[in-house]
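A.B. asks: Those protein sequences? They're chains A and B, same order as listed.
Residues in the first sequence are numbered consecutively from 6, following the numbering used here.
Residues in the second sequence are numbered consecutively from 76, following the numbering used here.
Hints are computed from structural coordinates only; laboratory data are not their basis.
Do not rely on the hints blindly, as some may be mistaken.
Said to hold, decoys possible - Restraint ranges, calculated between C-beta atoms of paired labels, are given here:
#1 A:Ile206 - B:Gly366: 21 to 27 angstroms
#2 A:Val142 - B:Ile113: 39 to 45 angstroms
#3 A:Gly205 - B:Ala361: 28 to 34 angstroms
#4 A:Pro54 - B:Pro334: 49 to 55 angstroms
#5 A:Phe50 - B:Glu131: 34 to 40 angstroms
#6 A:His33 - B:Ile113: 53 to 59 angstroms
#7 A:Ala201 - B:Asn427: 56 to 62 angstroms
#8 A:Leu165 - B:Arg521: 55 to 61 angstroms
#9 B:Ala251 - A:Leu90: 38 to 44 angstroms
#10 B:Ala361 - A:Arg127: 29 to 35 angstroms
#11 B:Thr369 - A:Phe166: 32 to 38 angstroms
We treat Cβ as the ideally placed atom computed from N, Cα and C, and that holds for glycine.
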Amino acid sequence: MTSLTEKRAPRTHDQKHKIRGKVQRREHLTGWLFVGPFGVVFLAFLIAPLAYALYLSLFQKKLIGGTSFVLFDNYVKAFTDPSFLSGAWFVVRFALVAIPVQIAVALAMALILDAVTSLFTRFSRLMIFLPYAIPTVIGAVMWGFLYSRSFGPLSDVFGLFGATAPDFLSSSLIFYGLLNIVTWQWAGYYMIILYAALQGIDPTLYEAARMDGAGRWQVARRIKIPLIAPALILILVFSLIGTLQFFNEPQFLRYLAAGTIGSDFTPNMYAYQQAFGLANFNYGSAISFALGGLVFICVYAFLFFTRKRRSFL
Amino acid sequence: MKTTRTLATVAMLAAASGLVACSSDGGGSDASNCTNTITKQDLPVVTMWAWYPNMELVVDNFNKANDEVQVCWTNVGQGGDQYDKFQTAISAGTGAPDLVMVEMDRIPTFQIQNALVDISGYDLEAARANYGEGAWKDVSVGDAVYGVPVDGGPLAMIYRKDIFDKYGIAPPKTWAEYEQAAQKVKDAGGPLFGDLGANVPALMMALQIQKGAAPYTYDPAQPESIGVRLNDQASKDVLEYWGGLVRKGLVGTQDQFTPEYISGVINGNYATYISAAWAPGYLTGAGVGQGQDTGTFAVAPLPQWDPTNPVQVNWGGSAFSVTSQSKKPELAAKAAYGLYADEESLTDGWTNQIIFPLNLTALNNPEFVDLKVAFFDGQQANKEVYVPAANAYQGVVYSPFGQYYFDAMTKQISAISAGSVTGSQGADRLQEDVTKHATEQGFTVR
Chain A
6 MTSLTEKRAP RTHDQKHKIR GKVQRREHLT GWLFVGPFGV VFLAFLIAPL
56 AYALYLSLFQ KKLIGGTSFV LFDNYVKAFT DPSFLSGAWF VVRFALVAIP
106 VQIAVALAMA LILDAVTSLF TRFSRLMIFL PYAIPTVIGA VMWGFLYSRS
156 FGPLSDVFGL FGATAPDFLS SSLIFYGLLN IVTWQWAGYY MIILYAALQG
206 IDPTLYEAAR MDGAGRWQVA RRIKIPLIAP ALILILVFSL IGTLQFFNEP
256 QFLRYLAAGT IGSDFTPNMY AYQQAFGLAN FNYGSAISFA LGGLVFICVY
306 AFLFFTRKRR SFL
Chain B
76 MKTTRTLATV AMLAAASGLV ACSSDGGGSD ASNCTNTITK QDLPVVTMWA
126 WYPNMELVVD NFNKANDEVQ VCWTNVGQGG DQYDKFQTAI SAGTGAPDLV
176 MVEMDRIPTF QIQNALVDIS GYDLEAARAN YGEGAWKDVS VGDAVYGVPV
226 DGGPLAMIYR KDIFDKYGIA PPKTWAEYEQ AAQKVKDAGG PLFGDLGANV
276 PALMMALQIQ KGAAPYTYDP AQPESIGVRL NDQASKDVLE YWGGLVRKGL
326 VGTQDQFTPE YISGVINGNY ATYISAAWAP GYLTGAGVGQ GQDTGTFAVA
376 PLPQWDPTNP VQVNWGGSAF SVTSQSKKPE LAAKAAYGLY ADEESLTDGW
426 TNQIIFPLNL TALNNPEFVD LKVAFFDGQQ ANKEVYVPAA NAYQGVVYSP
476 FGQYYFDAMT KQISAISAGS VTGSQGADRL QEDVTKHATE QGFTVR
């Protein structure tokens, strides 16, 4: 914890490396003062709970026999626990499908909105962004109703063709049901980030490309996308972390489909259930840390493979 | 060692500051944010969590009549939501109210964590005569009494008269007849006959007990030893039976208590609904029986496996328990004896079918027994079905890890509905799963 804040100080330090002595010490102090409020909050609300959770995860509390120190037994249990493993496998699979879909949709929309300038663009931009402004809980509940086969619109639509509507809350289709909700919710947000990055590109590049005979498609493919690659990687990391920690949407759809979405559906839900449903705070903490480890590995692997592109981290 | 202790202290402080925040916004032991208004300001106050729909009236009635203690009530959520909060308060050691409403099947779960107070020392004899023996058994662990019974949930078969008339069937008296009737309706192109909801494991437990299953045996004198029998023949048979109904397309697999299910009930998608005596009140609250389906419902006794030897079972039913975090357990116990025990509250409860009362004043009240229930189109449901079922109910031994057991059961019912396991495989897996959990929790499984 202290090492983090210390690291921060030398950075401001370095930039002013020519100044010496008193000034330097005073600046050092000023730096600490600026970092202070953040540091306190950071320690109290992030590092301390993390440390406490880590501490908890090393113990085991039994209904009979009380609490005992077990070191890494909870972690061994987690990585052999079919509930945790199947939940982890689900979120990894979900990430592999959901992230490319979301980014593809966001990128396509951003490119269109960037290329087309009309009165309608502003409105469309707002509308595409709107789902992100709707709270996840409301979004999940709303989709839960839209998926309903007895009073949702799906049955009417499918009824027109004489077909029965698919049940997106059944165990075979819940993957796609959630995929749709997540894409709907997040694609607009990613679109805004990509759109902002596109707006930052120097327009003279397009002119130069046009003079060399590039069409719109070629401009998009050879100029726009490569230049917004850092923003793409940024949203990839965001969505990777978010998807691996999947919680809100399945947790709320559980009220409609508890049979399909078990309490161990995703690792985060499993940790929640262990901690707050079964009072097993120790194992819940261990699952959270195990999930943290999984997220770290995935993000690290991703950043390692894209290291040439990254300019923001 | 020293570092560990320092770390622990720091962590405790951090956690405690968090919990203070929790309890002040969640109600808990704080008496300043009651949902009800306390008029007798100078009396001692006990805090309470409960979720009966008419709880505000019940609390007001109690407070008005009582000059010794006042109740400060909050609804922190129904069923599982409240249990999660209570469980968190138990683990934290602070934040629980003086009194909680608990379903009877949860009492051992909280009792084993020493979260509930044995009220037999607090002038219990005065209240004992208000309830029958079976009711007291469900709130007791051994000789210790951990709650005051309020309502019960004798099971029965609610059915659609219009559907039964249309397909010419009489209410089935046995489960074999139930399946035949279901087949008949299906062959005639009718709706589903019932529903196997994965999210109502307590119902499945009751149905298994009806066939003779005894899921848990437990002697409070030896708390570390528990008998777990979730895959005996009776348990398997009942799961096989329902799995078979699903496979043959005779019943649905929709989760219950969802808008989807309720709209199905209203639309007549299910010919029967196997549920407890509190169901009509719940259904009415959810808008059932008020539109096109007015007067289409009736109730019949629960189908039996062996009609010569009928068994009645219970689903749900609640009690008021004093928590061990209470600093005024005696006052809390007094409040528990008095709440929902006055005639006005009870009458409101049973006329609106919010509760099936266990209080003998209500159970023996001819007005209650003879009530022509509007939801059932004037049928004398209490006299014909629910009161006999409640009287024949024997009581059950519930498990001290109810939440885990129900979650595991939900998983298996879901798998059975999806056809990925058979009923007996599901029972075997459930046994394995729960045994493993019990062993991990330090029990010796017999």
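A.B. asks: Starting from the range 53 to 59 angstroms, see whether the pair His33 (chain A) and Ile113 (chain B) falls in it by beta-carbon distance.
C.D. replies: holds, 58 angstroms
A.B. asks: That 56 to 62 angstroms hint for Ala201 (chain A) and Asn427 (chain B) (C-beta), does it hold up?
C.D. replies: Given a distance of about 57 angstroms, which is inside 56 to 62 angstroms, the answer is holds.
A.B. asks: Is 21 to 27 angstroms right for how far apart the beta carbons of Ile206 (chain A) and Gly366 (chain B) are?
C.D. replies: violated, 59 angstroms
A.B. asks: Ala361 (chain B) and Arg127 (chain A), beta-carbon distance inside 29 to 35 angstroms?
C.D. replies: Check failed, 44 angstroms falls outside 29 to 35 angstroms.
A.B. asks: Take a look at whether the Cβ-Cβ distance between Phe50 (chain A) and Glu131 (chain B) falls inside 34 to 40 angstroms.
C.D. replies: Holds: the Cβ-Cβ distance is about 37 angstroms, inside 34 to 40 angstroms.
A.B. asks: Taking the beta carbons of Ala251 (chain B) and Leu90 (chain A), is their distance inside 38 to 44 angstroms?
C.D. replies: The hint (38 to 44 angstroms, Cβ to Cβ) holds, given that Ala251 (chain B) and Leu90 (chain A) are roughly 42 angstroms apart.
A.B. asks: Between Pro54 (chain A) and Pro334 (chain B), does the beta-carbon spacing fit 49 to 55 angstroms?
C.D. replies: For Pro334 (chain B) against Pro54 (chain A), whose Cβ atoms are near 37 angstroms apart, the range 49 to 55 angstroms is violated.
A.B. asks: 55 to 61 angstroms was suggested as the range; check whether the CB atoms of Leu165 (chain A) and Arg521 (chain B) agree with it.
C.D. replies: holds, 60 angstroms
A.B. asks: Would you say the C-beta atoms of Val142 (chain A) and Ile113 (chain B) sit inside 39 to 45 angstroms of each other?
C.D. replies: Violated - the Cβ-Cβ distance for Val142 (chain A) and Ile113 (chain B), about 33 angstroms, lies outside 39 to 45 angstroms.
A.B. asks: May I ask you to test the hint 28 to 34 angstroms on the CB atoms belonging to Gly205 (chain A) and Ala361 (chain B)?
C.D. replies: Distance hint for Gly205 (chain A), Ala361 (chain B) is violated at roughly 53 angstroms.
A.B. asks: Falls inside 32 to 38 angstroms, the C-beta gap from Thr369 (chain B) to Phe166 (chain A)?
C.D. replies: With a Cβ separation near 34 angstroms, Thr369 (chain B) and Phe166 (chain A) satisfy 32 to 38 angstroms, so the hint holds.
Checked against the numbered hints given earlier, this structure breaks hints 1, 2, 3, 4 and 10; the rest are met.
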